[in-house]
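J.: For reference, the chains in residue letters:
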Amino acid sequence: MSQDILERLRERFPADVLGIDRYRGDASATLRPESVLEVARFVKDDPALRFDMPMDVTAVDYIGQEPRFEVVYHLYSTVHHHRLRLKARVPQQDPTLPSITPVWVGANWLERETYDMYGIRFSGHPDLRRIYLYEEFEGHPLRKDYPKEKRQPLIGPGSRRGASVGDEHPYAVDLPRPLHDTGMLGAELMRVQLGPSHPATHGTVRIVVDLDGETIVNADVQIGYLHRGFEKECESGFYYQAIPYTDRLNYASAILCNVGYCMAVEKLFGIETPPRCQFLRVLSGELARIADHFLCTGATALELNAFTAFLYALQARELIWDLVDALCGGRVTSNYIRIGGVSADLPNGFAELARTNIAKALKLLGEMEQLLIENPIFRGRMEGVGQLPVDELIAYGVCGPVLRAAGVDLDLRRAQPYLVYDQLDFDVPLGSHGDNMDRFLVRVEEIKQSARIVEQCLRMMPDGPVDTDDPTIRWPAKSHVYTRMEELIDQFKQVTEGPKPPPGEVYVATESANGEIGYYLVSNGTGKPYKCRARTPSFSNTQPLARMIRGRLLADMVPTFDMLNMIGGECDR
Amino acid sequence: MATRTIAVSRPRPMPRGGTLGTWLFGARALLKGLVITNRHFLRNLWGFIRRKPTVFTVQYPEHRFPFPNAFRGMPVLVQMDNGKERCVACGLCEWACPTDCITIYPAETEDEIERHPDVFNINMSRCMFCGLCEEACPEEAIVMSHNVEIGAFSRRATLWHKEDLLVPVSQLAPRLQHIRRGYDR
Amino acid sequence: MPTITIDGQTIEAPAGAMLLPVALENGIHVPHYCWHPKLSIDGSCRMCQVEVEGSPKLVIACNTPIRDGMVVRTKTPAVENTRRGVMELLLVNHPLDCPICDKAGECLLQDYAFAYGSRRARTREPRRKLEKRKDIGPRMILDQERCILCRRCVRFTREITKTNELGVFNMGDHSTLDILEDKPLANDYSICTADVCPVGALESKDFHHKLRVWFLKKTESVCPSCSNGCNITVHHYRDRLWRMMPRRNDAVNDTWMCDHGRLTYQHVNSSDRLRRPLRRRNGQLEACEWDEVLTIAAGTLRQAARDAGGHGIAAVASPHLTNEENFRFAQLLRNLGVGNMDVAVVSGKSDDLLVKAEKAANARGARDMGLVGGGGLPAIIEAAAKGEVRVLYVCGPDLWETSDRQQLDKAIERVECLIVQDIVRSPLAERAHIVLPSLTFAEKSGTFTNVTGRVQRLHQAIDPPEGQVSDGEIFSRLLAQLTEGLPSFVPAAVLEEIAQAVPAYAGLTVDRVGPFGWQLPDAKAQPAPAGATA
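Chains as they are written, first to last, in our numbering: chain A, 4 to 576; chain B, 185 to 369; chain C, 338 to 871.
Treat the hints loosely; a few may be bogus.
[Unchecked claim] Some, not all, of what chain C presents toward chain B, calculated at C-beta under 10 Å:
#1 435
#2 437
#3 469
#4 549
#5 579
[Stated by the list, open to error] As a list, the in silico BS3-like pairs of lysine-lysine whose alpha-carbon atoms are at most 27 Å apart:
#6 268(B) with 375(C)
#7 375(C) with 520(C)
#8 520(C) with 469(C)
#9 547(C) with 531(A)
#10 520(C) with 503(A)
#11 747(C) with 723(C)
#12 366(A) with 216(B)
#13 503(A) with 555(C)
#14 531(A) with 554(C)
#15 520(C) with 466(C)
#16 471(C) with 412(C)
#17 147(A) with 451(A)
#18 153(A) with 555(C)
#19 363(A) with 451(A)
#20 451(A) with 153(A)
#21 90(A) with 47(A)
#22 542(C) with 268(B)
#23 555(C) with 151(A)
#24 520(C) with 346(B)
#25 346(B) with 363(A)
#26 531(A) with 90(A)
#27 555(C) with 147(A)
#28 531(A) with 503(A)
#29 469(C) with 151(A)
#30 346(B) with 547(C)
#31 147(A) with 554(C)
#32 153(A) with 554(C)
#33 236(B) with 363(A)
#34 268(B) with 471(C)
#35 375(C) with 723(C)
Simulated from the structure, these hints should not be mistaken for lab results. We treat Cβ as the ideally placed atom computed from N, Cα and C, and that holds for glycine.
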C-alpha cells in the first residue's frame, strides 16, 4: 500500500520529491519546500490517494544541519485508510514555506502552533499568530537552542500591549472582522469573554465572542492556558521518563495516552509485545475510555444543570477508578504502561472486581440515560446544535466520537486495528445528524461497547509473559535485580542511559477517547527522544468550535464545547 | 475483524410546542426522573435509618477506605530493623525521577554496608508520585507508601528529609510483596 | 602500507601494528579490558577475540599483528558467543556492588555486559569473599572482590612509575590483586591506577562516595599545577569541580597525570575564595564595588606614572593566568611605562616522568608576553625597600611564597599602594591597599604555554559567581580607564592580537591550537628569567 502512495507521488512530482522512505512501514516523502502546496492539493484530490484529513503539522529542529528545520505533515485518508508523511526542509535564515490552509482548513491551528514553537512562517496563512504563548513572548521555545529553564515574565493588564492598542479593554484581541459591524436595530456588537476561568468550560480556554444580543456573530477560541511544555520536557529526559508526562495529556483517560506512546517507542525498536501484555493494554485502555466518556457525558449534564446525572457519572467513574487503582496504583495519573510491557500484572481478584464494578457502572449509565435522553430540556439544548457539514469536519481533522456522531465510520480500532482489537468483537456506534445529541448518544453507546471489550479481555486473557524479554528495552524483574549480577547491571544501564532505539522516526496512532492520538517520535540513537510529538485529538476537535457556534445563541456554546470534550491537558500539552 | 457499525438510536421527535402532547411529554420526563432520584434517596434514607449506610460517599476523614496494594502514595525510605536506612545512596532514584525532586549526598560508613546517604531530601511539592524511583531502586530501599495526607503550611515544609521519610520495614510488607510480584515474569 | 579488511571496511595500517589499536583508531569498537595504548600487551582478559579468516580459532586482536590482506570479522555469531562466555565468567565472581561502587556509569564491565553479555544470570549470590575497602595507600582504596585481574594496574606500576607496588598473588581461582605489606601504593601517580582500572576495584579516596558520574559534565582543559601542562578533563556539576582526569595527549602526558596536579581542583571550590574586591579604608579592608575600586586603582596608577614615570610602578605577574590575560597586563604596564616587572613562580621538585620544577602552568607564557624587565624580582624588592616604588601590582600568590619574608615585609612597608590580585585572601593580601579577586583556571578560557613551548587551550568549565570578572576583564578595564577607550576582553580575539604582536607566537590561531596544543615553531629552551636564583 505505501509502495503505491510513494510511487504515485514520485511519478507525479519527479522534480519535487527529493526522497522517499518506508522506515518501519511509514510512508514518508521529502519535498522541496516550495512545492508543498501543490503536492498537498494533489494528495487530497487524487482519487487513489484522497488524503482528506490533516492529522498533524509540526517541525523538527536539526540544529547544526543546514537547512535546519524540517516541517513534517501527517495525513490520513478516511476513504482508503492509509497514511502519509510529507517533510520539507527550510533554512534557519528564512524558515518560510507555503501554508496548506487552502487545502485543509484544519492546518490553520497546526501551522500556528508550529510558528509559535519553532518560528516557521507559513506564507498565505490567514492569521499567523501565536497560539499557545502570548504575543510578546520572545523566542521560539521548541528550538534546540532555547534553554528549558529560561524564564520570561508573564504580562498582565497595563502591559505595553494593552496600552498601545488604544482599546479600553486591556485584553483586546484582533478578531477577524464580522460581516456586519452592528447588530439588529443598529446596536453595537458586544465583545464578551468566556473564560479562561469559567465554570462552564471544564478546561481552561478563552473564547472571545462578539454578541449581537444573545447571538454569537463572531468567535475566537484561544487555547494555551494549560500549555506546560510537554514536548520540551520529554526531549530533556529519557524515553521512560516521558510516560508519566503522557498521563497528563488526556488526564481523564491517562492509560490510553500511555499506550500510544509506548507503542511508538516499541515501533522505533521494531518489537512486538507478548499477547498477554497486549490484552492487558486493551483492557486497561478500555477502562480508561469508559471513565473518560462518563466524565464527558456527566459534565455536559452538569453544565446543563442536571447535577444529579453528573453525580451518577462520577460515581460510575469512581467504580472504574477503583479498578485502575488496583491495577496500577493511580486513579487519574496511571503510569501503567511501560516500554516493552506493562508495569504490573493483574492483581488477585481483579476479574471479579471488574465485573462487579462494571455492572454497577452500567446500571448507573442506564439511570443517566433515563434521566437525560427523554428530557425535553436536555433534548432542546442538545438536538440540532453544534453541527458542521461532514467534509468540513474532516478537513478540520476532527476525529473520534465527534466525527462518528456525524456518521463517518472512522475508529482506528476498526480501521487500522492494533494490539488485539482484531480478535475482539465490538460495535462502533455512528450517529446521523452530527449534533450534540448524537455525540452524547455515541459516547453512551461506546461505554457499553467498551464494557463488552473488557469482559472479552477478561475471558480471553492468555497466560504467558507480561513483558518483552529484552533487557535493553524493558527493565529486568525486580527480584532478579536484587540477587543477580547481569540483571543488576542491566538495571543500572537502563536507568542511567535509557533505552536506545536505533535512529529513525515513527508515527503511531491509536484511538483514544477523543479520537486519534498520534505520537511522532524521532530518535537519534541516544536514550533521550530527539523529538516527542503528541498529536492530540482535543486540539483538532476544538478548532472548529468557533465555526460551530457562529450564528447560534450564547447558551449553545456550552453543550457544544462540552460534547467536543476538550481536555485542557491534551489540547494544550 | 469482528466489529461492525451500529446506528445510535435517537429518541423520537418531541411533540410540537404548546400542545397537550408537550405537557404530557414533559410531565412523563419529570416523573421518570423523580422516580429514579427518589429511589436512590429512599434507599439511602432507609440505610441511614438502619445505620447501615448504602450511600456511596465516604465521610472522610472520619472514615477512610483502604487502598489497594498497588496504590502509589508518597515515597518513603525503608528502615531496617537496626534503625538504619536500607538505602545505599546509589543515586538511581535521583536520576530516574522525571521531576528531579530527590537530592542525595552519599557518604561513607564504617559498617559492613559501606555507603549510605548523608542527605536524602525529597521535594514533595515536585514529586508527582509516579513511582519511577521505586522501580529504579536496586536495593528495595525506596517504596511508595499509602500516605497521601502530607499537606503543609509552608513551602519549606514540603521538603522532606531522610529522618522524616524513614518507615520501618515491618510496616511495608504488603508493598514489598507487591513490588516483587508485580515486576516478576 | 599493508591493507586489511575489518567488517568489510578497507583499512591501511603500518606493518607490524596490532589489530586492536588499528581497529579502534578506525572507529571499529572491539571490547577489551587488559589492553591499554600506553602499557605492554597482556592478553589475559580474552575479551578482544575476533575472527580472522584462515585461522581455525578466534584470535585476540591485541596481540595479533596485521598482515597484508587480512580479513577480520567482529560481528559473527562465534565472536558474539565468545564475548558472552567471557562476560559470564567475569561476572560469575563479581560482587553485586553496583549500587555502592563509584565506577558505575563509567564501568567497562557494565558497558560490555549490557552490550555483549548474556541476558540471564545463571548464578546468584553469594560470591567469593575477599578483602573490600582495603586501604593500600595514602590516596587509594582497593576492593579485591571487584578486580577482574586485567593487570593493567600491575603493568602501570611496573612500566610507567617503575615502583612495582601492585601485584597479583596466588594463582588460578585464588588470584588476588594486592600490595606487599610494607610497600603501600604511594607513588606520585597512584591515582592513575584508578583511571586504568576498568572496574571499581581501585578507587581514589578523594572521589570515594562523592557523586555519581552520570551527573558530571566534562570540559577539556589543562592542568594548572606545574609547567608540564598535562591535558586534562575537568569534571563539574552545579558550578563545582568534582575531579580532574588526564586526557590523552601523546606529545605531553600520554594518558597520565600526577596525583598532586589531579587533586589541585580543590582550590577552585575553596570557601576561602575572594569574592568581592576589597579596599583599605581607615586601616581596614572593606568590600566595595568593582567600578569604585577599578577607578581608584586606575587613578593611583595614573598618578604614580605621572609623578615618577615608569620607575614608580613595579609589577609581579602571575604564572597562573592565561596568555591572553598576561598579554593584556603587559599592554597595561607598557601604557604606564613600567620597566620593573617579573614573573614570580614557586619552584619545587621534578621527576623524570611528568612533574616539572615550576609549580605553575604558564610561567613561560607570562615571560613570553613580555612581563619581564628591569632587574627581576630581587631588583623590585630592593627598589621597593628603598621607597622608590609607589605602586606595586602583584598578581598571584607566588611572590609571597618565594620571597624572603623579612625582606618582603620591609619592601611592602615602603610601598604607597599595594594592589594584590589573587584567589584567596593571602597574608600578602592582608597588607594590601586594594585586593582584586581573581578567577581560577576552571572559570576561564584561554591558553597556557608549557615549559617546552607548547601552547594549549583551556575551556571554561564553570561559571564564576555572580559579579566576579576574569583577570583579563580587570586588566582591560584598567587599560580602558587609562586610555579612555572601551574595555574588551574576548579570549579568542586577544589570541589573534598575540599572534600579531609577539614574534614567537606568529601564526597562532585558535584552530591551530586545537584540542592537543600547538608547539611554538621556535621553541628552543627559554633563556633563564632575569634575576632568577633557582
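J.: Enumerate the violated hints, using their earlier numbering and listing them in ascending order.
T.: 5, 6, 10, 16, 17, 20, 24, 25, 29 and 35
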